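Peer 1: Line order of the protein sequences matches chains X and F. With the first letter of the first sequence counted as 1, position 179 gets the number 179 in our numbering; the numbers rise by one all the way through. Whatever position you read off the second sequence (first residue = 1), add 275 for our numbering.
Just so you know, the hints here were simulated from the structure itself, not pulled from any lab data. As the structure is a prediction and not an experimental result, all values here were calculated from the model. Hints should not be assumed to be uniformly reliable.
Claimed, not checked - In silico lysine-lysine, PhoX-like type, Cα no more than 20 Å apart, as pairs:
{"no.": "1", "chain 1": "F", "residue 1": "LYS648", "chain 2": "X", "residue 2": "LYS123"}
{"no.": "2", "chain 1": "X", "residue 1": "LYS263", "chain 2": "X", "residue 2": "LYS43"}
{"no.": "3", "chain 1": "X", "residue 1": "LYS162", "chain 2": "X", "residue 2": "LYS209"}
{"no.": "4", "chain 1": "X", "residue 1": "LYS123", "chain 2": "F", "residue 2": "LYS766"}
{"no.": "5", "chain 1": "F", "residue 1": "LYS648", "chain 2": "F", "residue 2": "LYS567"}
{"no.": "6", "chain 1": "X", "residue 1": "LYS123", "chain 2": "X", "residue 2": "LYS162"}
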Amino acid sequence: MVSVAAPRACSIHQDEAHPAADLPAKAEIEHLGFHYGARQALKDINLRIAENRVTALIGPSGCGKSTLLRCLNRMHDLYPGNRYAGRIILHPEQIDLIGPGIEPMEVRMRISMVFQKPNPFPKSIYENVAYGLRIRGVNARSVLDERVESTLRGAALWDEVKDRLHDSALGLSGGQQQRLCIARALATDPEMLLFDEPTAALDPRATRKIEDLIGELRQRVTILIVTHNMQQAARVSDFTALMYLGELVEFDRTATIFTNPSKKLTEEYVTGRFG
Amino acid sequence: MTTSTPTEPRETHRAPAPRPASRLPTSPAEIKLLIASRKRVDRVFGVVGMLCILFALVTLGALLIDLAIDGVGRLTETHLVKPDGTVPGRREIAGTFIRQGDAFVLSPVRVRVNADQNLSPLVDQRLMVEVMPAAGNTEVDAADLKTFRPGDDTATATATAPAVVAPGGVATELGRRGTAGTIAARTLGGFVFVPDPLRVTASPDGIDLAAFGDEPVAVEGSRSATEGTVRVDEVSRFVPKSFFTSMPSREPNRAGILSAWVGTMLVMLVTAAAALPLGIAAGIYLEEYARKNKLTALIEINIANLAGVPSIIWGLMALGLFVYLFHLGHSVATAGLTLGLLVLPIVIIATREAIRSVPATIREASIALGATKWQTVRNHIIPYSMSGILTGSIIGLSRAIGETAPLITIGALTYIPFLPPPPVQFEPELSVQPFAWLTSPFTVMPIQMFNWTSRPDPAFHRNAAAAGVVLVALTLAMNAVAIVLRYRLRKRIKW
Numbered sequence: 001m002v003s004v005a006a007p008r009a010c011s012i013h014q015d016e017a018h019p020a021a022d023l024p025a026k027a028e029i030e031h032l033g034f035h036y037g038a039r040q041a042l043k044d045i046n047l048r049i050a051e052n053r054v055t056a057l058i059g060p061s062g063c064g065k066s067t068l069l070r071c072l073n074r075m076h077d078l079y080p081g082n083r084y085a086g087r088i089i090l091h092p093e094q095i096d097l098i099g100p101g102i103e104p105m106e107v108r109m110r111i112s113m114v115f116q117k118p119n120p121f122p123k124s125i126y127e128n129v130a131y132g133l134r135i136r137g138v139n140a141r142s143v144l145d146e147r148v149e150s151t152l153r154g155a156a157l158w159d160e161v162k163d164r165l166h167d168s169a170l171g172l173s174g175g176q177q178q179r180l181c182i183a184r185a186l187a188t189d190p191e192m193l194l195f196d197e198p199t200a201a202l203d204p205r206a207t208r209k210i211e212d213l214i215g216e217l218r219q220r221v222t223i224l225i226v227t228h229n230m231q232q233a234a235r236v237s238d239f240t241a242l243m244y245l246g247e248l249v250e251f252d253r254t255a256t257i258f259t260n261p262s263k264k265l266t267e268e269y270v271t272g273r274f275g
Numbered sequence: 276m277t278t279s280t281p282t283e284p285r286e287t288h289r290a291p292a293p294r295p296a297s298r299l300p301t302s303p304a305e306i307k308l309l310i311a312s313r314k315r316v317d318r319v320f321g322v323v324g325m326l327c328i329l330f331a332l333v334t335l336g337a338l339l340i341d342l343a344i345d346g347v348g349r350l351t352e353t354h355l356v357k358p359d360g361t362v363p364g365r366r367e368i369a370g371t372f373i374r375q376g377d378a379f380v381l382s383p384v385r386v387r388v389n390a391d392q393n394l395s396p397l398v399d400q401r402l403m404v405e406v407m408p409a410a411g412n413t414e415v416d417a418a419d420l421k422t423f424r425p426g427d428d429t430a431t432a433t434a435t436a437p438a439v440v441a442p443g444g445v446a447t448e449l450g451r452r453g454t455a456g457t458i459a460a461r462t463l464g465g466f467v468f469v470p471d472p473l474r475v476t477a478s479p480d481g482i483d484l485a486a487f488g489d490e491p492v493a494v495e496g497s498r499s500a501t502e503g504t505v506r507v508d509e510v511s512r513f514v515p516k517s518f519f520t521s522m523p524s525r526e527p528n529r530a531g532i533l534s535a536w537v538g539t540m541l542v543m544l545v546t547a548a549a550a551l552p553l554g555i556a557a558g559i560y561l562e563e564y565a566r567k568n569k570l571t572a573l574i575e576i577n578i579a580n581l582a583g584v585p586s587i588i589w590g591l592m593a594l595g596l597f598v599y600l601f602h603l604g605h606s607v608a609t610a611g612l613t614l615g616l617l618v619l620p621i622v623i624i625a626t627r628e629a630i631r632s633v634p635a636t637i638r639e640a641s642i643a644l645g646a647t648k649w650q651t652v653r654n655h656i657i658p659y660s661m662s663g664i665l666t667g668s669i670i671g672l673s674r675a676i677g678e679t680a681p682l683i684t685i686g687a688l689t690y691i692p693f694l695p696p697p698p699v700q701f702e703p704e705l706s707v708q709p710f711a712w713l714t715s716p717f718t719v720m721p722i723q724m725f726n727w728t729s730r731p732d733p734a735f736h737r738n739a740a741a742a743g744v745v746l747v748a749l750t751l752a753m754n755a756v757a758i759v760l761r762y763r764l765r766k767r768i769k770w
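Let the hints inform the model, and build the full structure from the sequences given.
Peer 2: Encoded structure:
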């Protein structure tokens, strides 16, 4: 379902077809700008996020990838002095996520986020996963039980915690906590999942498990992942966008970005000459 | 570290020449000297710090020990009080009287003291029944002392010395110390049953017995016979009162803090009810909901200032507001509201600090799942900050316990020998007055102490010290509760 806003004047791709044009889009970011108070952090971002695919945002520190990610679920609204510009169109309803009439809470009910440092609530594992459902008014024990189990299975955590569901979530290892946070985000069937450097704080084994999980999830959920680890982007994602100093440098299929990038900056970054 | 040239002799026994302050030390000896002097400064600082702590501890210890020496003894003393119409006890005085000429001789006097079921478990119950010889009467057997322990039903003491009653109005009071045949019972801190003194009056017609207070008691048998038996059913008993269960009184040994500590408890109840809900809600609003602009910054400054306003100014404000404007009078309600306002800034600040200590990551996690602000606050912020909030509240309350100036200003009286009316009263008839205690006059412990210290009789100062010990113990207990609560609530939460 190509959206109404056709791929136009991205300053990056002039005449070649927009990457991911053949796939239905979940979200389209159009001329997105963002200011932290007086400082401009994002300049004219145009991005098309394909449905049920993994899109990675890479770039050196401070390039604005986390900022961009947080625009999608309106996390910047929590702090005063932030301004959005442009549009983020969510399909299929074609609503502008940063439009004036949209309640941030509604956005967050449809788009969930997993943070860099695992942050489970200091409650039981069960309550962590059930929280998203409880705040939506689902309190029936049987429904919660079933949802918690299916979500934990979907996050590849069920076998490890099924006999200690009511123990504190803080007793889990780092990798387990992060999978719990993913389960928590999945419990409410979000349309899109945002990952903000999810494995930055984890060891390689845990990282591997989470990357496998992301690979499974992409069939059901659209995923946008920010990572400072290029190799992770290469392993996990279908599309990759390189950002630098608040601008989108290049956006293409992952294979193309890493083997045959169009921009010199991209090539320098992926070969490790800077960053 | 550069080494000196090999030709320099090692002069470790002589101090190196002083180096000018503009040059960094270069030689090993200079560096060593520099390190030693810096370490010395560290050590001196450590010693000074230790001395300060020691000084504080010694001062604090001296204060507490001084208070305790004066007051602790008083806490365990009891005195006997004739109650007014409480549950009657029973005792029998049995004796025989023989007329000898014009005189009557009552002997032996046997007193049976019944134990009541509700002996206090907190005190050492020992009843000693002594028999005191009469002045001038040498025919007294050794005093028969009986120790009465819990579990004993009765203790019997027999006086073998006869009580001689001469005609013509000479009265001999049984039960009074120092008279032949009398029984004096004393407690060593327990409930005691003491026979009421009986006054024996002799007349040509016979003997009359009157209980303490001049009420006549029944006499079995003929009064005018030559001999007979006397049996009396007594209808009252003495109740021992301790420092905690006595009302203030003109006599220092009988004065206690009952009205004072009950008043303190009631006032604290009202203070907590006024300050805690309001303060916690205000703290949550200011921290979570209010926009951060100049107005809220001004409010924050004001609240911090209010926490330091002298308490007597709160009293003045309360006088004008609660006593005169709202017509609440000099009552428990006024005191509670005054102290509640005094404590309010402390509670607000403690709440804000506790909320600030909840990590932003938890908040973001909840928000990112689509929770509203209130859902986040209710499900996460409040539970996780509750330990800090409670700790701050208890500290605020323990400060309010000791505040005297505002209560004096609103007119708390210093001599209150009664308790505020309880919500439900069963006698003399059933009456339900749930809020009468709020409008009743009251006193609190600091004011009672103030009242006692301003009396010239040094025995009252002892009472004041004892009350001080109780106050300090109460404060320590409240702080201990705060610490335990904070520990237990924090144990469940690890970031």
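Peer 1: So, for every hint listed, does it hold in this structure?
Peer 2: Here's how the hints hold up against the structure:
As the CA atoms of F:LYS648 and X:LYS123 are separated by approximately 19 Å, the hinted pair is consistent with the 20 Å bound. For the hint linking X:LYS263 to X:LYS43, the alpha-carbon distance of about 18 Å falls within 20 Å, and the restraint holds. The hinted pair formed by X:LYS162 and X:LYS209 meets the criterion: a straight-line CA distance of about 18 Å does not exceed 20 Å. Taking the CA atoms of X:LYS123 and F:LYS766, the gap is near 12 Å; set against the 20 Å cutoff, the hint holds.
Under the criterion of a C-alpha separation no larger than 20 Å, the hint pairing F:LYS648 with F:LYS567 is consistent with the structure, at around 16 Å. Our distance criterion of 20 Å between C-alpha atoms is met by X:LYS123 and X:LYS162, whose separation comes to about 16 Å.
Hint violations for this structure: none, all hints satisfied.
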